[in-house]
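Undergrad: Each chain, written out:
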Amino acid sequence: MKIKYLNIKKIEGPLIILDGVKDASFDEMVEIEVEGQEVRKGKVVQIDRNRAIIQVFEGTTGMSLNNTRISFAGRPLEIPLSKDILGRVFNGIGEPLDGAPLFSGKKYDIHGRAMNPVARLYPRNFIQTGISAIDGLTTLIRGQKLPIFSGDGLPHNELAAQIVRQAQITEGEGENFAIVFAAMGIKHGEADFFRRSFQQSGVLKKVVMYQNLADDPIIERITTPRCALTAAEYLAFEEDMHVLVILTNITSYCEALREISASREEVPSRKGYPGYLYSDLATLYERAGMIKGKKGSITQIPILTMPNDDITHPVPDLTGYITEGQIILSRDLHQRGIYPPINVLPSLSRLMKDGIGEGFTREDHPDVSSQVFSAYSRVQEIRSLAQVIGEDELSDTDKKYLEFGNEFEKQFVRQNYDENRNLMDTLDIMWELLKILPKSELTRVKPEHIEKYMEA
Amino acid sequence: MSNVGKIIMINGPVVKAENMEGFTMREMVLVGEKKLIGEIISINEGIATIQVYEETVGLKAGEAIYPTNKPLSVKLGPGIIGNIFDGIERPLMDIFDKGGDYIPEGIGLTSIDLHRKWKVKINVPVGQELKAGAIFGEVQESPVVRHKLMIPPDKWGKVIFAEKDGEYDLEHVLLILDDGVNKNEIKMYQEWPVRIPRPVTKRNPISKLLVTGQRVIDTFFPLAKGGTAAIPGGFGTGKTSAQHQLAKWSDADIIVYVGCGERGNEMTEVLEDFPKLKDPRNGQPLMNRTVLIANTSNMPVAAREASIYTGITIAEYYRDMGYNIALMADSTSRWAEALREISGRLEEMPAEEGYPAYLPSRIGQFYERAGDVKTLSGEEGSITIIGAVSPPGGDFSEPVTQNTKRVVGTFLALDRALAYSRHYPAINWINSYTGYVDDLRDWYRGNVSEHMLELREKMLGILGEEHKLMEIVKLVGEDILPDDQRLILEISKVLKTGYLQQNSFHELDANVSLKKQYNMLRVIDRLYEKALAAVKKGVPISLIREEKLFYDIISMKYNVPEDDEAAFDRYIEQIDIYFDPLVSQYDKGGIRYEDKVSEH
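Those sequence lines, one after another, are chains A and B.
First residue of the first sequence? That's 1 in full-length UniProt numbering, and the numbers climb one at a time after it.
First residue of the second sequence? That's 1 in full-length UniProt numbering, and the numbers climb one at a time after it.
It should be emphasised that the hints constitute simulated quantities derived from the structure, not laboratory data.
Hints may be right or wrong, so weigh each one.
[Unchecked claim] Below are the DSS-like pairs computed for lysine-lysine, each with C-alpha atoms no more than 27 angstroms apart in a straight line: (1) K98(B) <-> K107(A); (2) K6(B) <-> K4(A); (3) K276(B) <-> K353(A); (4) K34(B) <-> K22(A); (5) K295(A) <-> K34(B); (6) K106(A) <-> K83(A); (7) K493(B) <-> K399(A).
[Unchecked claim] Reference listing, derived: stretches of chain B covered by chain A, where coverage requires no fewer than 3 residues with Cβ under 8 angstroms from a Cβ of chain A: (8) 92 to 102; (9) 126 to 140; (10) 163 to 173; (11) 547 to 555.
[Stated by the list, open to error] Covered by chain B, according to a simulated footprint, are these stretches of chain A (three or more residues, beta-carbon under 8 angstroms): (12) 39 to 53; (13) 115 to 127; (14) 314 to 321; (15) 372 to 383.
Backbone N, C-alpha and C fix where the C-beta goes; we use that ideal spot for every residue, glycine too.
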């Protein structure tokens, strides 16, 4: 018989403070009975002698000091998992939203543990996404965490959907892939968009969705990505599947974290976010990767919107310090009608260096991409110069660069929402564009590659 | 063991306990039934605050706190080199064997393998008086590291027993010392509290270059053996790549690499790459001189705070044997944030940006553990600390960067614009600085050339001039400048693409000796001097900027192998052959141009 506690001392925001507690353990789950019927869930976030501070998942609305009974579960939040989760939709604490029960013999702690660096396998296999700006310049590697830094109103959802549709995650290993989708604080419309696009590309049966939409309790927003990543770990490392995890929107997640931190009266750090935001985000992002001796993999594509398009805002900033690169969308390109509006210069894939070139993609890939980066960064300088002195006053070489820049955006970056380019075409387009520049400017590519790929 | 505390409060990694009168400040304790490892960080009337180095999930109020009666310390002995540890020196391989792919809590206080047998040679006879820190024997720890066995710094005396040479494990008593009061057993390992610097006889002035094989560093912003350096940069600017390059190619004897709050895959990369990469000096795998300390960003935050100290203590131990150590800390910002997080949970009064007021002093104390020293045993050893800093938003005015800047000798500022154009290493030559040039003047003179520093200053001057000119060029374009200034731009381009940029994936370019660096500078200098003379004679810049010649010089880094010195003379000849006829065409007055530096 479980002890039920009645002596609530204080209710504040999503927190309950309970006195006279015996035997509560840190981070353990609690069940909260309101008015004798409705059961909500919560967890212990702090213990101070016999006082426990409990965070309530579904919110504290309707609770009073005397209509609420609390019992402790004796273990942290766990969700049941089995292959039955594929094709299903769950809420932020892992309960099925379709009404049907989930058959599973095993429960998993959603917090996971840190992967031992010794057990990790360094990711080296390239995933073709069919999007030139990504494949050519910020190559995605299986087992990588590569976020999309976007802004409100930019087509990050379309880009993510296109990646899901086109990405060859399994690389010839058949149908052994899954997509785990965690929706945090996004709108119903956005969630619908993803569901439709999964349906259209015929992968809906392979998708597991955990959703906490904009009007759901914010406290469950904290557990949503953890449930999703626990499911991903299960699929990857117990069922040997290659899993692509989409986490959107990380900014909403961080705001939820800030809201809860504020109600706990914690000392705030930058912009009111808690000091542990970095560690907290790391416990999500670091759950991507591969393990030695295991066949599956977890590739993460978190999506975040930069408030006011500011990349130095704590959310994108701390994310960039943890993830293995970033794909940055640009409002400027978007306004000029270029889809996908990927700003390649600040975009980066840290794992690219070990997954491209001879034996992986094509021998010329590292050099030609470096050359394109260097040329396109020169284009930016020349564009700002041209704004001051006018295009006509530019030197001939500079004019060539301007032409290169425009063609690069038109032919390389721009592609259709349903256009799937293979990597060889992507590389060939780069060489084709480099033809615009005088040969003496091509200092980063090997002369023999120029002969072989540009002049052939 | 009569004294056992009781947990009264749990808040993440911070736990408070009562009945703690018998415990000492900074004591290592075991927390709760799982015996999690923790350290006492404050005591107030019987209530102690403890930071816990493992996840506290499942911990209950009322559980016990057990004493260990010693401060947080590490075991120092053979078995450290080539190993990977967590923030409190627990071998991750060991944890992997016990706990599997994920790191469990309550694994206990494991450390280096005490049961592994090593071949020991004892060098002291019975009857000899040994001072604290004296070397009494040795073990071949890895093919490149001869591990010298030392008397711990707090013990000394006359040898009354000495074991014969042979194979023993770490617990075996090798010597017994009689200091007149006690008879002390000396084993192959010793323990040392991580927060206390190991003593030395004296500190030496800085006088030796830490050769890194990276041109922008060795030539322009050198590191010194025993010196300190910081590498700040926003994300994506290549801090970790720079740290990896230094770990690979610097001429230290031993590398201690502390992965502090960074990515798990980066540690895995080192673990996979270093055993394959060969040290250019002895052909041995780099792993044979490397120690890794890993507290990745998702590992417990309190252990992140400790990882830096664990790393530096291990470095000091090897320094005491007479080795030159380079310690890379990536990233010290994560360490500072761990301090901040714990401070926040203690509800201490925050100073700047929520960091505790003691942040500057902690940073200072850490960097002061670097140095070139005479050890207790009379050996010469050094520790160089190279700390990465991750300023939020890449803004160098934040507290960690500012406080670090004040205490380090070399400041290698990474630059986002350079990284965006894939100019690597993205070290900005305008914002970076080093305070070691004067200390190293004699070293450069004796080991490279009389003129190395002259060339360095000249080239830095050209780059500085270019920086100023670019302000104008951004506004009005390049064409408007007079030809001698346009030449500065052209030479800067050669320096930037042909010299400062270094390709870490290119066989000939990843690691470059100082001799080659000097020769490359010599070629670029000759190009400048000849071109300048031509400009003065009125040769137009379009003629001076001969495409083939410039292209050849920019790509010389890829085409000249280390030992081919004659190649540089051929470049110089190529320059002369192009410019001499050109100049004499324009040189109606027949005035000979005076060569300054390039003649040497």
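Undergrad: Decide, hint by hint, whether the structure agrees.
TA: Checked hints:
{"no.": "1", "hint": "K98(B) <-> K107(A)", "in the structure": "holds, 22 angstroms"}
{"no.": "2", "hint": "K6(B) <-> K4(A)", "in the structure": "holds, 25 angstroms"}
{"no.": "3", "hint": "K276(B) <-> K353(A)", "in the structure": "holds, 17 angstroms"}
{"no.": "4", "hint": "K34(B) <-> K22(A)", "in the structure": "holds, 19 angstroms"}
{"no.": "5", "hint": "K295(A) <-> K34(B)", "in the structure": "violated, 33 angstroms"}
{"no.": "6", "hint": "K106(A) <-> K83(A)", "in the structure": "holds, 11 angstroms"}
{"no.": "7", "hint": "K493(B) <-> K399(A)", "in the structure": "holds, 19 angstroms"}
{"no.": "8", "hint": "92 to 102", "in the structure": "holds (count 8)"}
{"no.": "9", "hint": "126 to 140", "in the structure": "violated (count 0)"}
{"no.": "10", "hint": "163 to 173", "in the structure": "violated (count 0)"}
{"no.": "11", "hint": "547 to 555", "in the structure": "holds (count 5)"}
{"no.": "12", "hint": "39 to 53", "in the structure": "holds (count 5)"}
{"no.": "13", "hint": "115 to 127", "in the structure": "holds (count 9)"}
{"no.": "14", "hint": "314 to 321", "in the structure": "holds (count 5)"}
{"no.": "15", "hint": "372 to 383", "in the structure": "holds (count 5)"}
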